[in-house]
Amino acid sequence: MKRTCSCGEIPGKKTILQNYVDVGITTEFQDNGVFKNNKALILENNYCPQCGKEYEKAPIADQAN
Numbered sequence: 141m142k143r144t145c146s147c148g149e150i151p152g153k154k155t156i157l158q159n160y161v162d163v164g165i166t167t168e169f170q171d172n173g174v175f176k177n178n179k180a181l182i183l184e185n186n187y188c189p190q191c192g193k194e195y196e197k198a199p200i201a202d203q204a205n
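Numbering (our numbering), first residue to last: 141 to 205.
What the hints contain is simulated information worked out from the structure, not anything from laboratory work. Here the structure is a predicted model, which means the values were calculated and not measured. Warning: the hint list may mix true and false statements.
Claimed, not checked - With a cut-off of at most 25 Å between alpha-carbon atoms, the simulated SDA-like pairs for lysine to any residue come out as follows: (1) K197 <-> L183; (2) K179 <-> V163; (3) K176 <-> I165; (4) K193 <-> V163; (5) K193 <-> G152; (6) K176 <-> T144; (7) K179 <-> G164; (8) K197 <-> E149; (9) K179 <-> I165; (10) K193 <-> T144; (11) K193 <-> S146; (12) K176 <-> G164; (13) K197 <-> C145; (14) K193 <-> P151; (15) K197 <-> V163; (16) K197 <-> N186; (17) K193 <-> I182; (18) K193 <-> C147; (19) K179 <-> T167; (20) K176 <-> T166; (21) K197 <-> T144; (22) K193 <-> T166; (23) K179 <-> K193; (24) K197 <-> A180; (25) K197 <-> S146; (26) K176 <-> V163; (27) K179 <-> F169; (28) K193 <-> C145; (29) K179 <-> E168; (30) K197 <-> G164; (31) K197 <-> E184; (32) K197 <-> L181.
What the hints assert, rightly or not - Label-pair ranges, simulated between beta-carbon atoms: (33) V163 <-> E194: 16 to 26 Å; (34) K176 <-> C145: 40 to 50 Å; (35) P151 <-> Y195: 15 to 25 Å.
Quick reminder that beta carbons are idealized off the backbone N, C-alpha and C, glycines included.
Let the hints inform the model, and build the full structure from the sequences given.
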């Protein structure tokens with residue numbers, strides 16, 4: 141995600157909401173310790189927490205990083 145606003149760059153202006161989340165994974169393990177049948181929850185914040193402007197979405201290939 142790429143920010144499309146300048147809220148964090150304005151002197152004296154603070155972001156009042158956090159922009160992170162804790163996520164988890166459930167899985168089973170193979171005998172060698174490798175995951176199998178895993179399920180993950182991925183949450184993305186697509187908007188600036190201060191002004192509400194939508195973030196620019198990265199191309200699908202770039203989102204894997």
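Indices of hints not satisfied (ascending): When the structure is compared with the hints, numbers 6, 22 and 23 turn out to be violated.
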